[in-house]
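Engineer: Here's the letter readout for the chains.
There are 2 protein chains.
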Amino acid sequence: MSHSEDVEACLPAFAGSFYVAATVAGSRARASVLRTAHGPICCPVFMPVGTQASVKSLAPDELRALDVQIVLANTYHLSMRPGPEVVARLGGLHRFMAWDRPILTDSGGFQIFSLGHLSLLTDDGVLFRSHIDGSRHFLSPERAMEIQEQLGADIIMALDECIPHTADRSYQKLAMERTHAWASRCQRAQRRSDQLLFGIVQGGMEQELRHDSALYLSEMDFPGYGIGGLSVGETKAVTYEMIEACTEVLPEVKPRYLMGVGSPEDLLEGIDRGIDMFDCVLPTRIARNGALFTRTGRLNIRNAANTLADEPIEPDCHCYTCTNFSRAYLRHLFKADELLGLRLASIHNLHFLLDLVRGARQAILDGRFPAYKRDFLGAYRSTDQAVRIAQKERWLAAVRVTSKQGSGSAHGKRVASTQK
Amino acid sequence: MSHSEDVEACLPAFAGSFYVAATVAGSRARASVLRTAHGPICCPVFMPVGTQASVKSLAPDELRALDVQIVLANTYHLSMRPGPEVVARLGGLHRFMAWDRPILTDSGGFQIFSLGHLSLLTDDGVLFRSHIDGSRHFLSPERAMEIQEQLGADIIMALDECIPHTADRSYQKLAMERTHAWASRCQRAQRRSDQLLFGIVQGGMEQELRHDSALYLSEMDFPGYGIGGLSVGETKAVTYEMIEACTEVLPEVKPRYLMGVGSPEDLLEGIDRGIDMFDCVLPTRIARNGALFTRTGRLNIRNAANTLADEPIEPDCHCYTCTNFSRAYLRHLFKADELLGLRLASIHNLHFLLDLVRGARQAILDGRFPAYKRDFLGAYRSTDQAVRIAQKERWLAAVRVTSKQGSGSAHGKRVASTQK
Numbered sequence: 001m002s003h004s005e006d007v008e009a010c011l012p013a014f015a016g017s018f019y020v021a022a023t024v025a026g027s028r029a030r031a032s033v034l035r036t037a038h039g040p041i042c043c044p045v046f047m048p049v050g051t052q053a054s055v056k057s058l059a060p061d062e063l064r065a066l067d068v069q070i071v072l073a074n075t076y077h078l079s080m081r082p083g084p085e086v087v088a089r090l091g092g093l094h095r096f097m098a099w100d101r102p103i104l105t106d107s108g109g110f111q112i113f114s115l116g117h118l119s120l121l122t123d124d125g126v127l128f129r130s131h132i133d134g135s136r137h138f139l140s141p142e143r144a145m146e147i148q149e150q151l152g153a154d155i156i157m158a159l160d161e162c163i164p165h166t167a168d169r170s171y172q173k174l175a176m177e178r179t180h181a182w183a184s185r186c187q188r189a190q191r192r193s194d195q196l197l198f199g200i201v202q203g204g205m206e207q208e209l210r211h212d213s214a215l216y217l218s219e220m221d222f223p224g225y226g227i228g229g230l231s232v233g234e235t236k237a238v239t240y241e242m243i244e245a246c247t248e249v250l251p252e253v254k255p256r257y258l259m260g261v262g263s264p265e266d267l268l269e270g271i272d273r274g275i276d277m278f279d280c281v282l283p284t285r286i287a288r289n290g291a292l293f294t295r296t297g298r299l300n301i302r303n304a305a306n307t308l309a310d311e312p313i314e315p316d317c318h319c320y321t322c323t324n325f326s327r328a329y330l331r332h333l334f335k336a337d338e339l340l341g342l343r344l345a346s347i348h349n350l351h352f353l354l355d356l357v358r359g360a361r362q363a364i365l366d367g368r369f370p371a372y373k374r375d376f377l378g379a380y381r382s383t384d385q386a387v388r389i390a391q392k393e394r395w396l397a398a399v400r401v402t403s404k405q406g407s408g409s410a411h412g413k414r415v416a417s418t419q420k
Numbered sequence: 001m002s003h004s005e006d007v008e009a010c011l012p013a014f015a016g017s018f019y020v021a022a023t024v025a026g027s028r029a030r031a032s033v034l035r036t037a038h039g040p041i042c043c044p045v046f047m048p049v050g051t052q053a054s055v056k057s058l059a060p061d062e063l064r065a066l067d068v069q070i071v072l073a074n075t076y077h078l079s080m081r082p083g084p085e086v087v088a089r090l091g092g093l094h095r096f097m098a099w100d101r102p103i104l105t106d107s108g109g110f111q112i113f114s115l116g117h118l119s120l121l122t123d124d125g126v127l128f129r130s131h132i133d134g135s136r137h138f139l140s141p142e143r144a145m146e147i148q149e150q151l152g153a154d155i156i157m158a159l160d161e162c163i164p165h166t167a168d169r170s171y172q173k174l175a176m177e178r179t180h181a182w183a184s185r186c187q188r189a190q191r192r193s194d195q196l197l198f199g200i201v202q203g204g205m206e207q208e209l210r211h212d213s214a215l216y217l218s219e220m221d222f223p224g225y226g227i228g229g230l231s232v233g234e235t236k237a238v239t240y241e242m243i244e245a246c247t248e249v250l251p252e253v254k255p256r257y258l259m260g261v262g263s264p265e266d267l268l269e270g271i272d273r274g275i276d277m278f279d280c281v282l283p284t285r286i287a288r289n290g291a292l293f294t295r296t297g298r299l300n301i302r303n304a305a306n307t308l309a310d311e312p313i314e315p316d317c318h319c320y321t322c323t324n325f326s327r328a329y330l331r332h333l334f335k336a337d338e339l340l341g342l343r344l345a346s347i348h349n350l351h352f353l354l355d356l357v358r359g360a361r362q363a364i365l366d367g368r369f370p371a372y373k374r375d376f377l378g379a380y381r382s383t384d385q386a387v388r389i390a391q392k393e394r395w396l397a398a399v400r401v402t403s404k405q406g407s408g409s410a411h412g413k414r415v416a417s418t419q420k
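Those sequence lines, one after another, are chains S and B.
Residues in the first sequence are numbered consecutively from 1, following our numbering.
Residues in the second sequence are numbered consecutively from 1, following our numbering.
The following block holds chain S by itself, in its conformation from the complex:
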């Protein structure tokens, strides 16, 4: 099913709008179309991450061949390098990275809060140090809007406060209220009319706070909503509970974007709970470690068992990698540190997730989503929860160390007293 056929089949609504084409009884799952300045997006959709204006190891023509509809780029990284003014002078992100389909940028807050770049947080904004040269920068809701307008993505995100999942309830509430105040300031600061500004639901791991946050932001009437602060170390049961607490309140007529979540099981569970959009570095990051998705779980291509394996990663996979190369060749590329290995693995993993979500969308349209989800999850062995959380914490710790070596920054200081 090609992108354009799919769009036609869904009767896209007028520009800037969101159209729900099909729903599922006993589920919040829906198939929809979101219109943006660079064309429509068929949802549910998985968005590959191009942190520094490049989906790692892949060129735009490969993303098109994968039928990627929209990519995400990170405002934090791009404002540090090459700088939003440079991107603006070069005609904006689309032209800069030669990608003419939709782009979404985050606000830059997540990297500052989660990766240890924070120096000082007040109601006014965040003071932080660059991971590249240690220089000081200030990010406020107004500045987050200004930068994202310079970058020129189709969907931009309000600045939110991202907190550890272990924060106590009083701080979770405080951070949520700050997020609401910042959302309002972002709305007021927005100048460009061709960008869709999404508000972000926060509220930590408290059902009631999530509910309140979703309600508060719904009343602000954003063209779409992000759900932030999930999949940050909590169990999957809690993640799914928090998603539900948000989607049962968020307006049905607006797209919902679950930020930074993208394991195969999370995609289907998220769709079932009413999520329309997902992004995650997972498929490309694990690909570069030689971990490949299959219908039965992850495969480590470096394993000796693949030395003489003449078959593709998955026999019925239609990606460029599986239609051309054996497991044995991929293993050789990884063992020999050949760059092509990183790329062929990234192509396969992205195809796997994109295809899973496209399949889910078609299943929703065909009225067979529950069976689709059940069949997939029945065959797919997820990564063990303890292993998964430990991996994530190791990765975050590694990124923090790297950042601190680069910036020499001290531990961040959060200022809990508000200026209201």
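Just so you know, not all the hints are guaranteed correct.
For chains that are exact copies, the list does not tell them apart, and a pair is met inside one copy or across any two.
With a cut-off of at most 25 Å between alpha-carbon atoms, the simulated DMTMM-like pairs for lysine to aspartate or glutamate come out as follows [said to hold, decoys possible]:
#1 LYS236 x ASP212
#2 LYS335 x ASP100
#3 LYS173 x ASP212
#4 LYS335 x GLU85
#5 LYS236 x GLU206
#6 LYS335 x GLU149
#7 LYS335 x ASP133
#8 LYS335 x GLU206
The set of hints was computed from the structure by calculation and includes no laboratory data.
Assemble the complex: chain S is given as a structure, and chain B must be docked to it using the hints.
Structural biologist: This is chain B only, laid out in the frame that chain S set:
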């Protein structure tokens, strides 16, 4: 001009043969077609190097888009990893790396001799250590044939002794004679009839030895000839002199391959002196350092001058990189250590050399090669000779250190006394 149109235009001769379509008065330059088991090759031709069965950072579909006619793979590297038996079990190199056009493999000798893996050399063969695990291996002419038959390339090379350009005349003569004896043993050891075995002319930097070597091998009637041991630290004037000493003797009815030489000026000077085939890691290796070919010389993409440069590397270049991306974006990718940068730079540099050689071939067919060469060399500023030689020595030294760290091998020992 596409590959297939070009082949049709040249009226390819029958399988296994070499057909000279045009020559140039006052020059040894010629346009020709060499038929191989995987199709014809239009010469002069530049062959990108896929050391470990992958042209670094590029996939086969990109090589096809670049109209690459033939790639080179290194027998030394492939026999260390994954091993010739593995490649054979997986159906040979073509299937292994998903490349259905011609492939050439070298004998493996060059890496052993030049990169410090040598342990002991006798007339029988070479004892060396693996750069991967330090294990001991023996390469003889017979074993070089056996391995290359397992790999299954279309063109295979006889084992030769490669010596430093500073070796004295008596050793140069000895090494040449050993190379001749080995060439004869390779001929006798060859079993497969679908591979073209090329002999290799040696003789160091001595015109008379080069002449003798070319004459000796010519009489052995190989289907083609390599010229080895050049561009190893000597001046370009000497390189060109040695090429001439070979090509004025080698039979006109056989293809001539100048091994490991590939700067733009060397390609045109080599073609002018009767060379039909070239290979070199230069375009892809310097690309990964951010050095890009232009008609006026090399460009360093990291330079600050490219920060806001909205134009492509070369305005009239038709490669994927130049038709899609600005210098500013490429600079960003290099500064941000994005993998895509390595690849876009490799595509451009390969396109540049392939196009230069295709252009030379067309110029020969059109009777305007002298002007083509003069115009190109008039505009192109070559890398300064002293800088070039110093760079090459630094690179060789770095590779030797890496290899020795990997293998823990002692200095090699050459045994000058023959067993005759």
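Engineer: Could you run down the list of hints and mark each one as holding or not?
Structural biologist: How the hints compare with the structure:
1. Taking CA atoms no more than 25 Å apart as the test, LYS236 paired with ASP212 passes inside one copy only; the shortest distance there is 22 Å, against 76 Å between copies.
2. Taking the shortest alpha-carbon separations for LYS335 and ASP100, only the inter-copy value of 24 Å comes in at or below 25 Å, while the best intra-copy value is 36 Å.
3. Taking the shortest Cα distances, LYS173 and ASP212 sit within 25 Å of each other inside one copy (10 Å), while across copies they are farther apart (88 Å).
4. Taking CA atoms no more than 25 Å apart as the test, LYS335 paired with GLU85 passes between copies only; the shortest distance there is 17 Å, against 41 Å inside one copy.
5. When the C-alpha separation of LYS236 and GLU206 is checked against a cutoff of 25 Å, the pair qualifies only within one copy, where the shortest distance is 14 Å, while the shortest distance between copies is 74 Å.
6. Within a single copy, LYS335 and GLU149 get their C-alpha atoms only as close as 43 Å, which misses the 25 Å cut-off; across copies the closest is 23 Å, which meets it.
7. In this homomeric assembly, LYS335 and ASP133 come within 25 Å of each other (Cα to Cα) only across copies, at 13 Å, whereas the closest approach inside a single copy is 34 Å.
8. Taking the shortest alpha-carbon separations for LYS335 and GLU206, neither the intra-copy value of 45 Å nor the inter-copy value of 42 Å comes in at or below 25 Å.
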